Every structure is written in structure tokens, then in C-alpha cells.
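Peer 1: In case you want the letters, here they are:
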Amino acid sequence: MTGPKMIFIVLAAAILVFSVLAITSRQILRAAIYLLFVMVAMAGLYYMMNFQFLAAVQLILYAGGIVVLIIFSILLTSQINSRLALPKGSHLFFGAITAIAGIVLVSKTLVEFTFPATQVAPITTDMRTVGSQLLDTGVHGYALPFEVISILLLAALVGSIFIAQKKKT
Amino acid sequence: MSLEGEIPLDYMIVLSTIVFFIGLMGVLIRRNLITMLIGVELMLNSVNINFAAFNHYLFPNRLEGHFFALIVMAIAAAEAAIAIALIINIYRQFATVSVDDVDELKY
Chain A
1 MTGPKMIFIV
11 LAAAILVFSV
21 LAITSRQILR
31 AAIYLLFVMV
41 AMAGLYYMMN
51 FQFLAAVQLI
61 LYAGGIVVLI
71 IFSILLTSQI
81 NSRLALPKGS
91 HLFFGAITAI
101 AGIVLVSKTL
111 VEFTFPATQV
121 APITTDMRTV
131 GSQLLDTGVH
141 GYALPFEVIS
151 ILLLAALVGS
161 IFIAQKKKT
Chain B
170 MSLEGEIPLD
180 YMIVLSTIVF
190 FIGLMGVLIR
200 RNLITMLIGV
210 ELMLNSVNIN
220 FAAFNHYLFP
230 NRLEGHFFAL
240 IVMAIAAAEA
250 AIAIALIINI
260 YRQFATVSVD
270 DVDELKY
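If you're matching them up, the sequences are chains A and B in order. First residue of the first sequence: 1, per the numbering used here; consecutive thereafter. First residue of the second sequence: 170, per the numbering used here; consecutive thereafter.
Watch out, some of these pointers could steer you wrong.
From chain B, some residues computed to sit far from chain A (all C-beta separations above 10 Å) [to be verified]: (1) Val271; (2) Asp272; (3) Glu273; (4) Leu274.
Which stretches of chain B does chain A cover? Using the computed rule of at least three CB atoms under 8 Å from a CB of chain A, they are [as the list claims (entries may be wrong)]: (5) 174-184; (6) 195-206; (7) 218-225; (8) 233-239; (9) 246-259.
Just the calculated beta-carbon pair ranges, DEER-fashion [what the hints assert, rightly or not]: (10) A/Phe115 to B/Thr265: 40 to 48 Å; (11) B/Thr265 to A/Gly3: 47 to 55 Å; (12) B/Glu175 to A/Ser90: 41 to 49 Å; (13) B/Asn258 to A/Gly141: 34 to 42 Å.
Bear in mind the hints are in silico, worked out from the structure with no lab data behind them. Computed from a prediction, not measured in an experiment: that's the story for all the values here. Where a beta carbon is used, it is the ideal one built from N, C-alpha and C, also for glycine.
Can you make the complete structure from the sequences, with help from the hints?
Peer 2: Here you go:
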């Protein structure tokens with residue numbers, strides 16, 4: 001058992017256990033905290049794959065942004081110490097059937113398929129490369145998606161303010 | 170760093186498949202809008218593992234999967250903001266966030 005393998009097993013076990021807990025916990029605030037743990041473990045996976053910037057964005061945006069947003073909406077809309085109703089038996093049954101069938105089918109197909117890897121020498125994934133490619137307009141440049149995403153975020157911001165505001169009567 | 174020898178690509182994609190379907194099951198079995206949103210976030214996250222893993226294992230000479238994952242994260246943030254605005258608006262109108270009780274189109 002080597003170091004990276006052990007870290008991967010710990011992270012994968014954390015992701016699986018906490019994601020199951022996040023969808024089965026009957027206390028809604030706990031479900032949000034389990035989601036936070038899943039996201040932190042996924043940031044660890046990105047660190048293992050040498051994507052430091054992606055891991056940092058995962059921590060800032062998901063753990064620091066989306067989970068806090070979800071917790072705020074829980075505090076605004078739910079009674080904290082009330083427990084969620086148990087899912088209906090038929091929902092649970094068909095949900096579990098769908099999930100297990102999907103996992104088996106997709107995993108089988110993906111494991112049997114051999115993905116050809118490129119033989120070109122790898123590049124470094126440090127912050128300098130990421131930044132210069134993100135704002136490059138040439139080949140392998142991502143300036144256009146970057147600008148489109150900024151417009152989308154602005155539109156989402158304005159839209160969510162408009163939706164959540166009180167209607168003047 | 171020789172991650173390829175230690176952990177095959179299959180481990181990563183099977184892990185992300187399992188998390189994706191756990192999130193799907195969460196959307197299917199829960200009746201509360203916020204917990205359904207948690208399931209959707211799990212699904213979006215699992216797809217990001219796929220992007221990063223394919224980038225790292227198959228095409229380490231470019232950063233396309235990395236940027237796809239970044240863009241998915243930005244869209245997920247926008248989606249969560251809109252969803253929570255909708256949930257707050259629904260709560261204001263119906264005083265509940267359970268999907269079974271929100272069954273009128275025109276209030």
C-alpha cells in the first residue's frame with residue numbers, strides 16, 4: 001500500500017460515505033454539512049491530480065460559496081429542529097433501482113472501454129500556465145468562454161435579485 | 170508525480186459514476202426543494218472529477234478538462250443562486266418548500 005493509493009482510498013471513502021449521508025440525513029442542516037465534506041474531499045482529489053488552481057476554486061466557490069448559500073436558504077425557510085419526512089417506500093424503491101442499475105451499466109461500459117492516452121509530453125499545470133491560457137485568444141486560449149461566463153454570472157445575479165425581491169403591491 | 174501507476178483512470182471514473190447516481194437518487198427520493206438542490210450539486214461535482222481525470226490521465230499536454238471544470242463550477246454557482254432565489258420566492262408564496270405542496274401554477 002503506497003502513499004497516493006492510501007490517500008485516494010481515504011478520499012474516495014469520505015466522498016462516498018458523506019454523499020450517501022447527504023441524501024439520507026433527516027436533518028436538513030446536517031445534509032448541507034455532509035455536502036461540505038464531500039466538496040472538501042473532492043478538492044483533495046484535484047490536489048492529487050496536480051490541479052492546484054481547480055482545488056482552490058473548488059474550496060472557495062463550493063465550500064465557501066454554494067454551501068453557505070444553501071445554509072442561508074435553510075435558515076430562511078426551515079425549522080431547524082424539525083426532521084424531514086421519511087421518503088415514500090415506492091420512491092425509495094424506484095430511486096434505488098435507478099441508481100444501482102445506472103451505476104452497474106455505466107461502470108461496466110466505462111471499465112470495458114480502453115481510453116487511448118496521448119504520447120505528447122505533459123505540460124506543467126501551475127498557476128502561470130493556467131492564467132496565460134485562460135486569457136489567451138489563440139489556440140488553446142479560453143478568453144471567449146471566460147468573458148461569456150462573466151456575462152452569464154452577471155445575468156444570474158440580476159435575475160436572482162429580481163426573482164427574490166418582494167413584489168410591490 | 171506518477172499517479173498513473175498508482176491509481177488507474179478506471180477508479181476515478183467509477184467513483185464519479187457512483188457519486189453521480191447517488192445524487193440522482195437524492196433528487197428522486199427527496200421531496201424538499203433544498204435537499205433536491207443538494208442532490209443536483211452532487212451530480213455537478215461528480216462530473217467535474219471526470220473532466221479533471223480525463224485531462225490528467227489522457228491529455229496531460231493541454232488543459233482543456235481543467236477549464237471545462239472551471240466553467241462548470243461557474244455555471245453551478247449561477248444555478249445555485251437562481252435556485253435559491255426561486256426557493257425563497259416559493260417559500261414566500263406557499264410557506265413551504267416541499268414539492269408536493271407546491272402544485273399551483275398561478276398563485
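Peer 1: Take the hints in turn and mark each one as holding or not.
Peer 2: Hints, verified against the model:
1. Val271: holds, 12 Å
2. Asp272: The claim stands: B/Asp272 keeps its Cβ more than 10 Å from every Cβ of chain A (closest is about 16 Å).
3. Glu273: Holds: least Cβ distance 16 Å, greater than 10 Å.
4. Leu274: holds, 16 Å
5. 174-184: This one holds; 9 residues, not fewer than the three required, reach chain A with a Cβ under 8 Å.
6. 195-206: holds (count 9)
7. 218-225: holds (count 6)
8. 233-239: Holds, because 5 residues of the stretch 233-239 of chain B bring their Cβ atoms closer than 8 Å to Cβ atoms of chain A.
9. 246-259: holds (count 12)
10. A/Phe115 to B/Thr265: 40 to 48 Å: Since A/Phe115 and B/Thr265 have Cβ atoms about 47 Å apart, the given range 40 to 48 Å holds.
11. B/Thr265 to A/Gly3: 47 to 55 Å: Once the Cβ atoms are compared, 50 Å apart, the range 47 to 55 Å for A/Gly3 and B/Thr265 holds.
12. B/Glu175 to A/Ser90: 41 to 49 Å: holds, 43 Å
13. B/Asn258 to A/Gly141: 34 to 42 Å: Because 39 Å falls inside the window, the suggested range holds.
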